[in-house]
Each structure stands twice: as structure tokens, then as C-alpha cells.
Amino acid sequence: MEGPPVTRSTDSRQARYDLTRIPVAKALLVNRWPQFLIRALALSGFLFAIVAGLGGTPVGSRNFSIVFVWIAWWALLILVAVPLAGRGWCTVCPIPMPGEWLQNRALLGPSGKKPPFGLGRKWPKGLRNIWVQNGAFALMALFSAVVLTQPVVTAVILAALLLVATGSSMIFERRAFCRYLCPVGGFIGLYSQTAPIEVRVRDTAVCATHTTKSCYTGSEDGFGCPWGAFPGGLVKNTYCGACLECLRTCPLDNIAINIRPAGADLSQLRGRKLDEAFKAFIMLGSAFVYSAVMLGPWGQLKTAAYGIGSLPWLLYVLAFLVFVFGLLPGLFYVASRASRTLAPTRHTPRRIFVAYAYALVPLGLAAWIAFSLSFVFTNASYILPVLSDPLGWGWNLFGTAGYDWTPFFTQMLPVLQTLVLVVGLAWAGITARRIAQEGNHPAAWRQAIPINLFCLMVTIGFLWLFIG
Amino acid sequence: MNAQATVTSITSPAMRHRPRFVMALLALAIVFIPLPTGSGVPGSRDMHIAAAQYNFSPGIIRVDQGDQVTIELESMDVVHGLYLDGYDLEVTADPGQTTSLSFIADKSGTFRFRCSVTCGPLHPFMIGKLKVGNNTLLWRGMALAVLAAAVGLWKVRQ
Amino acid sequence: MVIHRLRAEWAARLLLIFLVSGLFVAIMAGRNTAQAVEVHAVMPESGGWMPGNLSAEVNVPLDLRLTSDDVMHGFAVGQQPWPAVAVVPGQFTDLSLIFDEPGIYTYYCTRWCGLNHWRMRGTIEVTGKASDQSSTGSTRQPLYLTLDLDIDASHEVDVQLERPPSAAHGEKLDFTIPSRILTREHYLEQTPFEFWMALRADPGTADLSDTELWDLVAFAWHSQATPDSLLLGQRLYDQNCAACHGDKGNGEGVMARPNLAQSDPDSFGRALLPPGDFTDAQKMLGASSALLQGKIVRGGMGTGMPYWGTIFTADEIQALVDYIWTFMFPLTAGE
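Chains as they are written, first to last, in the working numbering: chain H, 12 to 479; chain E, 268 to 425; chain R, -3 to 331.
Rather than coming from a laboratory, the hints here were simulated on the basis of the structure.
Since no wrong hints were added, every one of them can be taken at face value.
Straight-line distance between alpha carbons at most 20 Å, and here's what the computed SDA-like set of lysine to any residue pairs gives:
1. R:LYS244 to E:MET314
2. E:LYS398 to H:ALA303
3. E:LYS398 to H:PRO308
4. E:LYS396 to H:VAL300
5. E:LYS374 to H:PHE419
6. E:LYS398 to H:LEU306
7. R:LYS244 to E:GLN364
8. E:LYS396 to H:ALA303
9. E:LYS396 to H:PHE386
Just so you have them, the derived chain R footprint on chain E, three or more residues with Cβ under 8 Å:
10. 334 to 346
11. 361 to 375
All values reported here derive from a predicted model rather than from experimental measurement.
Ideal Cβ positions, reconstructed from N, Cα and C, are used throughout, including at glycine.
Generate coordinates for the entire structure from the input sequences, incorporating the hints supplied.
Here it is in C-alpha cells:
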């Protein structure tokens, strides 16, 4: 054997590199202990963040709940986990675990023949989309100025997420919270389409003859897909939570974890939906509003965003909602209508609108990365003192409690932000063109022009906000 | 008619890759082309910045490259500070005790300055801008953005 | 295989319980159970010093752990030689105080923390036996009480100055002021106007103009201050007074101007008069040092001016008065 064979995916001519062909990698992923250990640690950290937020100092910069959730964890998520591993965070996320452990009556692996604990109801048909997650994220965004700066509020939100996740595991089957409720999972799912990694089956023909479908129903080796997906039918990363159960249950060794070209999912014709399109607008729009309000020099905007209940805040809420749900999608709709006129197509305006919205996925990710770089670099230095004194009680566990605030890389920051945005724009443009060329017409690429113009305008807006 | 006549294929490697070379050249040009940085006759600028929760006033200040800049920081309510990105300079001011920061604006561009003393919950977002000369990075960034948008439309990849 | 699984399952459960409970044990263990008293500082609108009252015993160390829950504060005890310490948001400053004498001491915030910063005070009640020696610092009555001055009465005089009096010019006049006109008592108890009148009445000043006589007054007042007292006065003024009275002494400090972020001038609901203008000739030339000292010690007057009697020592207040006169009588040559 010269090395792991390259597996051909059924939906693309492009090469995939299957990690599970490496014996050590497969062993680590199939074994439940590594994942459990990370989950247990993450859960401890999560609970500690709740306690720190409730009982620690109200000064955010010296409290574990603010520094380790909104600076350290967020940096890890948006700068590393999502771009490089898609749903990688979901693999180890602690939020659903208490509920899932209760449901499964076990921490490690199936407990036997007992049915899952809880009511086990099916998720309501009308809510089998991400609109609830869209709303949850937008709601959090309206209170973000307070959430990001007050430890108590962060703690309450974390506790609420934990309670809702546990509660939904007791009422509904599988991971209803992750799939339909989690505000973070909503955008991780969307952006996981850009990831260079995926979980797919090696050969769909093998699945066709396998009647048990233990990847979906479960077996004594593992649980049926907690995300309610049929692994044999996965063509996009969006609703696969990378929990690795199917890797454990498939008796035919047909599950692969592929390294693949980034953004392969964006060209996927199937599964383009309006709720996902609006998720793209919500993310892009909120990145824009956050960049203006939090990173801009306009103090009145910040005070308005912080003063929950006041008239300026209500105006801010109105402006946010109009921009994110109205203006941005509205302008994009105009662009997509223009696209329709530039090359013949049999698709409806709505279908064109939804299809091209997927070009905004890499752009939105780039915008969030550029936005996050700013406050992560300037505030990362809080991590050291908070490690030594997580509650702001005067501890000094590692001797770093006296470390002063020091912004890092402030000279390089604008250059990095520019590069990230430009790369995101190029990627968005290429994606738009690929989507256009699904039209199978020599002039079909012209449809991408208004879309690229829209993306260019948005990028110039971000450039002005970050480095102007 | 001559079966052995060589026809230059329109998809010969050189022509297929030409757009890529053009794009790459343009990108390099945009990044490295010298641009005027906005240095006039170096003068002296005295600027007064009032700091209050959570606002610098004025929030945007402009100088020419090479100017001797003196920033007077006056805190209006609690102890604030000012840290200047890129120049790595810092000054703190108590209300009633205006302090100054003096430096030569030798680097051109737009630099953010931030509050450097915890002054309340929104302290990490208390930000202002110092514009020194021309913001050539913004121009280059916008030009690169136009190029990037064109990249999407060009047949750069099959 | 099932037993293997069961063992692994219980190991996992134990590990989880260990991790989670270990966390809580660590937090409980880390709580402050030391003897030290934890004092939290917040802006006065939200509570000020918490607690605002402490008790201690003579010669028994009072251990304090100071922290701020919002902005930068400072801590000092009035009329005591201990230097002020910073009270930093989210960090703790440890302090150990030992009191020689019983009594009520005032601790106060030393870094401006908003419009009501000056209200941020607390008391330490120290009980126990006084030491055998009587207190070294004299607790003589402030001069304004001895003189029975009404510090709330108007002290305006109708004087028209051509230009601000200049101590430098006064010095150049090279005029020896008779010692019966200028003594320390005169400086402390007389108003500059009364002193000017005495100068005018003196035959030796016949060929000096009114303006030149004001320069002499300025020089006389200046000569009563020492460089050390002026330095001390300036430091105290900058830290405590400039925010309201302005660094130029004209009553236009940042706290007196409409603030960018605050809409009400006084969140305690009362309207305030503007802080005193030390460059206002009508008011200053009719004020004696004793009067100024009285206003500093007692405050009040319905103006928002705090009382400093428990905060500054008599020497510190005199230094402040010496410095305040330099606003009316600047040292540089008059314009």
C-alpha cells in the first residue's frame, strides 16, 4: 500500500483525502474518550463561566466569563474552528451534553436496550428550519452591547442556553436544541459550508444495499445521528454536527472524514433555502452594525446600543432590524433581479435570490473574522491576568494577575483586516460566478456581475469601517 | 490544408494562464506602487481631545505627515486614558488634570486610539481615529477589492 | 465486553463528577475568609464605598482589601500621612492601617470618579485608649471661627482694575512695605482690599499709582507663600479642586461644564451654582485668607462645595490658600 487512497466523492469530480484511512486518526476519532474528555473540560469551563459571571467581579475585563467566552473562545471559534474545521466546535460543545447524557442514560456509548429518557417527541414540522435560530441570533444582537460587557448577563445567557438545551432533550428526540434552537449553531452551520473538511459516506451504493441504516437508527456501538440527518444523504455540512456517531455505528466502514477544497458546499445545487439565505444576511448585516457601533468613533451609537429600554436604544433596534432584514436583503434582491435580466434563466426570482445569497457566505465569514481580529488583538492581553484571577477576587494562581493591558499587533491589524476582506470578496465573486455557470449558457457568467458589485460595495463599506 | 501545419491552440498554457499573470501583476502593483503620503510642510498641531464615557470628542482628528502633534487629553467624568495604535503611545488623564502627549506623526495612515484605563463597561469600545496624511492603505485596499471582484468574473479558474 | 463498557461508563461519570465538583471546591476555597475587610468602591451614584463605615482599635492593624467594581478610584484617610493608593477595577489593593489615637477618621476617594466623586467618603471609628502624650498636631480652632467670620456673607468689593495685578511688577517696584502694615496676621486675616487701603493711606506710597499698589499687594501676598507650600498647594489643587474650579482657577472645570455623557447636573436632584471663580477681582479682593480657609474647611454654602475639614490638615489648607491666591495674583508679568 503506497498510502491512503484518494476517495472519490459522489457529488464532485474533485479529490477528497479521507482522514479515517490513517489508522491513528480513525482510532482517535472512534474512541469515545478523547471527545468525552474535551467535552467534560468544556462543560467545566462553561459552568465556571456561569459561576464567575454571577459571583465574580462586575468588571468585565477581569472576569472569566467575559474574557474567556467573548475573547478567548470567540477567537478560537471564528478564527480557527469555523474556517478550518467547520462544525469542529460542535464536536466538543458542552451545551447539549447534560441533556444528551440524561437522554441516553449514559456518558459513554449506548447503555443497552432501554429507550431514550424523556418524552422523545418529534420536532414540530413547521419549525424544521433555521428561522428560530435566525430570530435568536438577531435577538441576542440587539442586546449585544450589554451581553459582551456585563458578566452577569453573559452568565444568565449561558445558563439559559444550558437550561433550554437540557429541557429540549427531555421533551424532544435527539439534539433538537443543536439542530433548531442554538443561535451559535445557526451560523456555524451556514459557515461550515466553506470548511475544508466534511463528513460524508464513501460510496452511496453501499448504503443503498444496507437495510438497517444503523447510522440513523443507532446500534450497540453508537447512537443514531443526534442531528437527525441520514449520513448517506449528506451533501452539505450545514446540518451535520460532526459528532462522529456515524463513524462509530456504520458497520460497513463507509463513513469518511474528508479534507476537501474549501467552499465545496457552496456550489451544491441541492438544499438552497430562504431561511439559510436570510441567515447570511443576518450575519453580514450584524457584522456591519457591530463594526460601526463597537469599533467606530461614534460614542452616541454605543450609548444607544447599551441603554436598553431607552428611546435611543429603540431607535437603534429599529435601525438594526430595518438594515439587516430589509435594506440589505432588499438591495441584494435588486441585484439578483438584475442578474436575471443579464442571462436567460428558467428560475424564479426567488430561486435566483436564494441561490446567489450563498455567495455571501464567504464574504460574511471574512467580515466576521476581520471584525473579531480587531477586538481580539487589542484585548487578548486580558487573558493572562484572568487566568490567574478568574473571578477578580484577588487570586494569583499563575503569577500573571498583575499583567497590564497591552494591545497586540496594532500596526499589522489594518493590513490583516484588508487582506481578509479582499480574500473573502474574491471568494464570494468566484462563488457567484460558479453559481451563475450552473445556468449552462455561454453568457451565464454575466449574472454574477450585479452580485459581485453588491459584494464589492459591501466590502468597501467594511474597509471604510475598519481602516478608514 | 497542410496536415502538419501547427495551429496555435487558443487554449495553450501561456494564454490560459495569462489572466492569472495579469491579475497577479495588478495586485503587486496595487500593493507596492508608491503613493503620496500627504506630508505637507511639517508644522505643529495642538489638538484637544475630551474623553467622557464612552466617547472621545472630537472622535476623528487630522494632521499632516511629519507634523509635531501635541494631544491634550481632558477627562470629563472619570479617569480615562488614550492609547494610540501603530505608534504605541499612551497617556492617562484624571478629570481636572489635563495631560499631553507629544510626538512626531512620521507614519501616515489612519490610526485608532482607544481608552487605556477601565472606565466602565463599554471601555473596550471607546475608540477614536487619528488621520495622518493620506490613508494609502485604504486606497490600496479598495483597489484590491475591485480587483478581487473582477477575479470572480474573470476566467481565472476552469 | 459489556462489563468493559460499564467500567468505562463509571470511570467517565466519576471523572465528570470530579471535574465539576472540583471546580466548586476550588471556588469555595478561594473565597476571602481572611481577617481583612473587603471594601468595594463604586461611583457614588451607585453606592460609593461599600461598606461606608469601618471600625478599628487603637494600635491594632486594620487590614483592608480594596477593589473597584466600575472605574478607577483611589483611597486615602483624611489628615493622615499615609499616601493615597489606587483602587483599580477588578483588582485588589491590600492595605494595613494602624491608628495611634481613637476618634473618627474619614476615608475618601482620591481619583475623580464622576460628578459626585467628592461625596465618596466613609468613616473609620477607632476605639480604645488614647496614648499618654497629647496629640502632637495642634487642633486649634480655624481662624474663621476665631474671627467669627460669616463665610456665607457676600464679600464683594467694588474695584476696577486696569489689568490683573502682577507680583513680578510689584517686586520690581523695590518698595519696602512697612512691617506694621504687613505681618503674617495681616496676610491671614486681612482682605487684599483692606491691605491696599492701608498701603494707600501710608505716606510712603504717595507717588505710586493705584495699579502699582495692586502690584505691591500681589507681591506681598506672594511673598507670604513658600515654594514648598505652593508646590503642595498646586498638587492638592490639581487633584481635588481643578475638576470643578478649573486648572486656571476660573470656575470652568470639567465638572462645571455640561458633560458629554451626563444629562443632569446633579444626579441627587439638586441644582448647583457654578464653582467659585478665583480670578474674579470683585470677589477675591474682598476675601481674606481666613475666609478662604473657612470655605474650604466647612464647605456647604448651597454650592456643592464639599467640606474638607476632616480631609486636609491645617497646613494643607493653608498651602491651598497660598496657591489659590496665585490665580488672582499671577506670578508672571501681567499682560
